[in-house]
Amino acid sequence: MQPNIVIADDHSMVRKGIKLILQSNLGYTNISEVTTCNELMNELQKKQCSHLLLDIIFSDGTALEVIGNIRQLYPELKVMIFSMQLAEVYGDAFRQFDIHYFLSKTLGEEETTSYLKKFLNNEAPPSQVPNIFSQSNPFSALSPRELEVIHYLLNGYQTKDISRTLNLSMSTISTLKKRIFEKTETENFKQLLELASLYNINF
Amino acid sequence: MQFIKEGYFQQNWPVIVCLIAFCCVLCYITVRITLHRAITRQKIFKTLLERKTREIKQKNEELEKNDLIKTRLISIISHDLVSPLKFIHLTSKNLLENKYEMSAPLQDEMLFEISNSSKELELLSTNILNWIKYQNDNRRMKKEEFDLYEMVNQIFSIFQGLARQKRIEFVNSVNSGLIVYQYMEPVRIVLYNLILNALNFTEKGHITISGGKTEKGILIKVRDEGIGMTPEQINNIMSEHFIVSSATVDNRKGNGLGYLIIKDLLKLVDAKFVIKSQKNKGTMVSIFLPL
Numbered sequence: 001m002q003p004n005i006v007i008a009d010d011h012s013m014v015r016k017g018i019k020l021i022l023q024s025n026l027g028y029t030n031i032s033e034v035t036t037c038n039e040l041m042n043e044l045q046k047k048q049c050s051h052l053l054l055d056i057i058f059s060d061g062t063a064l065e066v067i068g069n070i071r072q073l074y075p076e077l078k079v080m081i082f083s084m085q086l087a088e089v090y091g092d093a094f095r096q097f098d099i100h101y102f103l104s105k106t107l108g109e110e111e112t113t114s115y116l117k118k119f120l121n122n123e124a125p126p127s128q129v130p131n132i133f134s135q136s137n138p139f140s141a142l143s144p145r146e147l148e149v150i151h152y153l154l155n156g157y158q159t160k161d162i163s164r165t166l167n168l169s170m171s172t173i174s175t176l177k178k179r180i181f182e183k184t185e186t187e188n189f190k191q192l193l194e195l196a197s198l199y200n201i202n203f
Numbered sequence: 001m002q003f004i005k006e007g008y009f010q011q012n013w014p015v016i017v018c019l020i021a022f023c024c025v026l027c028y029i030t031v032r033i034t035l036h037r038a039i040t041r042q043k044i045f046k047t048l049l050e051r052k053t054r055e056i057k058q059k060n061e062e063l064e065k066n067d068l069i070k071t072r073l074i075s076i077i078s079h080d081l082v083s084p085l086k087f088i089h090l091t092s093k094n095l096l097e098n099k100y101e102m103s104a105p106l107q108d109e110m111l112f113e114i115s116n117s118s119k120e121l122e123l124l125s126t127n128i129l130n131w132i133k134y135q136n137d138n139r140r141m142k143k144e145e146f147d148l149y150e151m152v153n154q155i156f157s158i159f160q161g162l163a164r165q166k167r168i169e170f171v172n173s174v175n176s177g178l179i180v181y182q183y184m185e186p187v188r189i190v191l192y193n194l195i196l197n198a199l200n201f202t203e204k205g206h207i208t209i210s211g212g213k214t215e216k217g218i219l220i221k222v223r224d225e226g227i228g229m230t231p232e233q234i235n236n237i238m239s240e241h242f243i244v245s246s247a248t249v250d251n252r253k254g255n256g257l258g259y260l261i262i263k264d265l266l267k268l269v270d271a272k273f274v275i276k277s278q279k280n281k282g283t284m285v286s287i288f289l290p291l
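Just so you know, the sequences run in chain order A and B.
Numbering-wise, the working numbering puts 30 at position 30 of the first sequence, and it's gapless, one number per residue.
Numbering-wise, the working numbering puts 65 at position 65 of the second sequence, and it's gapless, one number per residue.
Among the hints, a few may not be true.
As the list claims (entries may be wrong) - To give a feel for the contact side, a few chain A residues facing chain B, derived at Cβ under 10 angstroms: (1) MET13; (2) VAL14; (3) LEU20; (4) MET84; (5) LYS105; (6) LEU154; (7) GLU194; (8) SER197; (9) ASN202.
Note that these hints are calculated values from the structure, not bench results.
Everything numeric in this text was worked out from a predicted model, so none of it was measured.
Every residue, glycine too, gets a C-beta built ideally from N, C-alpha and C.
Model the full assembly from the supplied sequences, consistent with the hints where possible.
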């Protein structure tokens, strides 16, 4: 049976590029595209999907905010993260949701194609090569919740706005913020922003 | 001798006392004047120092803000420029290699996307350049005469393709041949960004630009029939702390760069702007450029 694939990415060019690889190189034709987290949830509800290619950052939030729900509602759905963000930072967070495929957008075409093939053939995920960089990246230590908060923090949201967006109390957000500063060993917003840009954390 | 001496003193003592008193008064006055001068100088130094400190503080804040914008730009470049470019390359390469096995609709879909994306990337790159260009404080700006009607037409032509796709019609309501004396480049960049914003947040309808001279300056209005903004979003844009991404409204794309540039440039030329909006009815941005 042909897998039913959903590509969730906020850049239409990226979606089309992946769609073309899937369709012309690998021969998959049941492909739908979504632009935002909201659309993704609607699409999953509407259609019986088997595989999801998921970017991390969307215009209406991050994948971390919806992945818990997706896991609960569609336990059968196979998920692969496909992002510019670093696996050493986000990999652990998604592993906590039992997601073991993490494909970087920076990889070349051949590697991308063979990785996609493995994922869609339901092969075991390639074992993670221990990355020497992961220990030195100050953002690797962040928990999923902290990664959710840091996204909005870097985007200039105030504690009040973050608490409303993520539906968490102000004090929770404050604690998470404090822990982010502790773990990254930064003292203020400016330092955090500089560090994020140094370590290629996009927001 | 002694008598004479004594006599001299006795004879002249009032003069000597006067002399001493005079000396004392002179000394006192000199000291007072010096002291007074020292105090005034100190006061001047103090005010000067205060002014300098204020200037440095202000510069610092500006630099800090620029730093924020710079990091924001780095993020925009890596997220919104690099990955689409990479996929334009990948997709066009695929099209070339597999064109005989590909259905015509699929080819069309891909070509359409490549054409759109590359246009978007061009617009975004232009805007990033726009911002960088005006970050140099020493850059001298001069007012010059130009035809506002022609300028609006010229900017419209850049976006014509995008507008046609969305069934949006551009309307230039500026009096034809209206010559204004203003900072031309900043006005052009501001209008460019306002039109780009209007385009991004409008699905169909009209985007109208009107403008004219008033007693004290020039008033330009950009009106769209798009999804509009909430009072909260407008406040956010107008706030001093506005840095980023608040333009991401209702799932539509936007990286907040536009209003950042608009605000920066309008401040540079002492202009004011007002946003009026009604949800789902449209937005009108008025800019006032003083003479």
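Against the structure, the hints come out as follows:
no. : hint   : verdict
1   : MET13  : 4 angstroms, holds
2   : VAL14  : 5 angstroms, holds
3   : LEU20  : 5 angstroms, holds
4   : MET84  : 6 angstroms, holds
5   : LYS105 : 5 angstroms, holds
6   : LEU154 : 8 angstroms, holds
7   : GLU194 : 7 angstroms, holds
8   : SER197 : 4 angstroms, holds
9   : ASN202 : 5 angstroms, holds
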